[in-house]
Amino acid sequence: PFCVRAGDLDGDGRSDLVVANSSDQSLSILRTVGARVVALFPEAPRASLPELGLPSPHPVRGAAAIPFTLPRAGHATLRLYDSLGRLIGILHDGVLPAGPHVTPWTAVGAAGRPVAPGVYHYELEAAGVRLTRRLVVVP
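If you're matching positions, the sequence shown starts at 1 in our numbering and goes up one per residue.
No wet-lab data here; the hints were simulated from the structure.
Taking CB as the label site, the calculated pair distances span:
#1 P139 <-> A110: 15 to 23 Å
#2 S15 <-> V119: 31 to 39 Å
#3 A65 <-> A110: 15 to 23 Å
It should be emphasised that the depicted structure is a prediction, and the values quoted were computed from it without experimental measurement.
Where a beta carbon is used, it is the ideal one built from N, C-alpha and C, also for glycine.
Taking the hints into account, I'd like the entire structure generated from these sequences.
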């Protein structure tokens, strides 16, 4: 589930790495700076990016809390998709202040019925970034 590519991303003559992890939908960039290797998201300090946490509890049984952090106040949308990419529900869609937030989810889809056990993906869109994570619903 990993894809690794090497190349000179910043033109300094040193090899840098891009690592994509399909398991948790993450992307990491490892740049060589002098004799050190630093990890960062494309040209943005980590504090300026939203963060999407793991649901609690996980796996999900009946209800969960999905944490996320916004680097600045603004519009945020939290969506839930099934394993085929179909929209199951919009858990939040509106303006929020900067800082940590938690959105509750009762394992109910947009139709008001409990979702079936299985693998789902939730996506946070905020500050011009989309972050996606996987969650598992168990009976």
